[in-house]
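First to last, the protein sequences are chains A and B. Here the first sequence is numbered in our numbering, starting from 4 and rising by one per residue. Here the second sequence is numbered in our numbering, starting from 4 and rising by one per residue.
Hints may be right or wrong, so weigh each one.
Claimed, not checked - Calculated pairs, DSBU-like style, for lysine-lysine (alpha carbon to alpha carbon, straight line, at most 30 Å):
1. A/241 x A/316
2. B/436 x A/176
3. B/476 x A/5
To be verified - Not the full set, but computed from the structure, chain B residues with beta-carbon under 10 Å of chain A:
4. 193
5. 196
6. 444
7. 446
8. 483
9. 487
10. 490
11. 494
12. 495
13. 496
14. 497
Everything labelled a hint here was simulated from the structure, so no lab data went into it. Here a beta-carbon is modelled for each residue, glycine too, at the ideal position from N, C-alpha and C.
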Amino acid sequence: MKKVIKSIIFLLILCIFFYNIINIFWLEKNSISYFYEEPKNSLDIAYIGSSTVFCHFNSVLAYDLYGFTTGILASPAQPFILTKYVMDECEKYQKPKLYIIDIYQLASELNKYYEEVNLRDVTDAMKFSRNRTNAIKAFLEPLDLGENNPNYKSGDNYINYEFSFLLYHNMWKHLSNKNFVGSLDLYKGFLCSEETVQINPQKEYYWKEDLVKLPNVVEFPKENKEFLDDLLNYIHEKNLNVLFVVPPRLYSEGRNITLNQAIKIIKENGFEVINFNTLEDFDVDYSKELFNGSHLNVYGATKYTLYLSKYLKEHYDLPNHKGDEAYASWENEYVRFKNDFKVLTKKDFNKVLNKYSN
Amino acid sequence: MNLTSLVFLLFCIIALGIYFIVPKKFQWFILLISSIIFLFWNNLSVSTVIQALLVLLASYIFGILIDKYRDNTVKSKIFLVIGIAIILGQLICLKYTNLFSITINHILQLLHIDFQLGLSYFNSLVGISYYSLIMISYLVDIYRGACKSQKNIFKCALFMSYFPILTSGPFIRYNDIEKDLYGKHKFNYDSMCRGLVRTIWGVFKVLVISQRLGMFVDTVYGDLATYTGFYTVVAALFFPLQLYTNFSGSIDIIMGISEIIGIHLPENFTAPFFSKTLTEFWRNWHITLGAWLRDYIFYPLLKSNAMQNLTKKTKKIFGKKASKKISLYLSMLIMWTIIGAWHGGAYTFIIGSGLLQFLIMVLEDTLEPLSNKINNKLGIKKDVFSYKLYQIIRTYLLFSFTMIFFRASSVGNAVEIIKNMFVWNPWVLLDNKSIFTAGLDIQDFRVLIISLITLFAVDKLSRSGSVREKLFKQNIIFRWGMLYILIFAIIILGCYGVGYDPAAFIYRQF
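Working from the sequences, and respecting the hints, build out all of it.
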């Protein structure tokens, strides 16, 4: 008996060490990893999608204005096929009153566009579970990425995705304080930049680049239609409250046509879609409000957040947690954000702020 | 199935779990089932089943016949010869046909004859070189009366295919292992702890040291146009260490698993890099192969009528002492050629791990009196640390040189590597960056240096008794601390997973 207890203690210590080491050996924490840090059933909204979510929607600013909490479950170029699994993961820990789904990625063909990292950003951040396994399989199994995708490195080896430590243990050479204390660049999953890049939409600067990557996407890709149908069935089945959004961005003509087809299907299923590119009372100044070709900077993101959060407050029954001790971390994160981005108090910007917040 | 893969880990957990759960009289049967699964893992075809059945039936049937006609020398000898011929025949057909074809093609080319033999690509079973020799020794031992034949064909199959030893040995003798293999074993906590410690140490050697060394060696040998001079020298010096840590690490894993089961296998290495001569080196390196060849080839050859006649004939011409040496060296030459050929069907193996070893050992033997004389004249002390160190380094350098052929893709490639070593560029070791461009960066080198110091310290300690026993005598905090360090060194610093070819065991192909 003494030997059994000794063995159990040895294994227990081993597991504790191992668990902590796994958490250190990450590329970097992302928005999805921060989602797990939120207390159970504390999120009012879950916002799912790609970089146009975590770069555009400032959840701590929305909290400061209206007091509701928004969990960002987004990752760079998040494949749309994974949306269902991310929602399922969210359902395990939170019971949000509303899901917001960014459908920008519906215009990307899975087997031509995505890289290994796009899957890893989602599933490596997810906790070990059957849902995670299903997400990995859903991404890998229907596709012959091995030969078709030049960026694909180890996709045929499912076990490398399931046990991501097989990849990340090599990170011992590149450990930094971020691995131990987490990234300070994110505010409850929101990533922000003050930088400004000037884009002239007339010259179709980004459109051209987009067209190179997606030369013939004018028809709604067959697989994407399947993914969307599957997601809509899942939402109906679970009876979830969902709002779909098309983020403000410069699109190629092909993408616009594709997204319009997607919007049509979603609306036919009885869901609402906000297309930020066609709204009359919302506009982005692409000469001032982008920090790279496709993402809003702090000015654009604030404008977007103000508009969307106001819309959400007006159209949905969302609680106001301001002053509640249990939500102090949201208050603290907003203060940190405000201190880091003092540029927001500039006079000319306040004009825009006033326009959308009144 | 790779010895350091997760699949093998799971396989062992399941196999050992079932082994200790089932009634003890069925334990050997679980081992047999596990061995069959291991043998045909990813390698199940009509051809491989026939290969295995051929060796099994030849060993089983002729083993019984030799045993039955033990009193009839002629009959038992005939059965022995037929049995060995079948086992050896399939081994030669599967492993050496191409070597013969290449040799004949070379000769035909030299003779300007426009005809070439085609090459064959048989899919041979894992461990074919091991189980073939093991079953030959089984037949010889029955013939010699050292053991009795196994009447149960399934038990005979287990002896042939006991799964842990299929990839890297060691060579087992029926007489030594019979009791353990078919015996009833109760789960023993202490044996499990000892077995696990040895297995973990083996995995550390393979994944942290050998794989890391391999990254440098593969980079340099894979691009001799870029990596010249001292790069090649370092690669040549690294390769024996890579080979040793890979091979002895695999053996540690195998011995550890067997120890958990309750099966005790013979040691295959005893700190070979502390040897002062190449002869001593081979007494400590792949010990069971050396012992096998000594008992089944070298001594029978030396005592054969042909050799006795040769000694008699040469005695008249060269004298008694020299004639004995001639027979000895000739037997050694045959044995070392076989050792070389056993390592693989290519001339690089025959030269690297055969003929060059023979040549150096003969030189060591013949030059020893001269060396002693010079040492005496110059007043060089032989029993001091510095002289022993010199001998150890000399042995390592000589072995490293022979291994250039072993590692090379062809004899021409080995010559190219040797030529490459004479390019003068010592600055690549001194400029603090060049050496770190050949597959290993500075952090990898740091890990390597610390790991190698640990390895040699453990090897040195092992010469004065079991290191594990010394560890188990320590307090629990130190003992567990060391184990945690070892386990996490493997998990974090091990070269496995994405981006690595997980432990393509160098000795596995044999």
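Restraint check, 10 Å cut-off on beta carbons, for residue 495 of chain B near chain A: Holds: closest Cβ of chain A sits about 5 Å from residue 495 of chain B, inside 10 Å.
Can you verify the interface hint for residue 494 of chain B: is its Cβ closer than 10 Å to any Cβ in chain A? 6 Å, holds
Status of the residue 490 of chain B interface restraint (C-beta, 10 Å, chain A): Because about 7 Å separates residue 490 of chain B from the closest Cβ in chain A, which is inside the 10 Å limit, the hint holds.
Tell me if residue 446 of chain B is really an interface residue toward chain A, meaning its C-beta lies closer than 10 Å to one of theirs. It holds, given that the least Cβ distance between residue 446 of chain B and chain A is near 5 Å, below 10 Å.
Sort out whether residue 176 of chain A lies within 30 Å of residue 436 of chain B, counting only the CA atoms. 17 Å, holds
Taking the closest Cβ pair, is residue 496 of chain B under 10 Å from chain A? OK, holds: residue 496 of chain B within 10 Å of chain A, min 7 Å.
Was the hint right that residue 487 of chain B lines chain A, CB cutoff 10 Å? OK, holds: residue 487 of chain B within 10 Å of chain A, min 7 Å.
Closer than 10 Å between Cβ atoms is the bar; does residue 483 of chain B clear it against chain A? Give me holds or violated. Interface hint status for residue 483 of chain B: holds (6 Å vs cutoff 10 Å).
Interface hint status, residue 444 of chain B versus chain A (Cβ within 10 Å): 7 Å, holds
Interface hint check: residue 196 of chain B, Cβ to nearest Cβ on chain A, cutoff 10 Å. Holds or violated? Holds, about 9 Å.
Given the hinted pair residue 476 of chain B and residue 5 of chain A, is their alpha-carbon gap at most 30 Å? 18 Å, holds
Should the hint that residue 193 of chain B touches chain A count as held when the rule is a Cβ pair under 10 Å? Interface hint status for residue 193 of chain B: holds (9 Å vs cutoff 10 Å).
Figure legend: structure checked against the earlier numbered hints; every hint is met.
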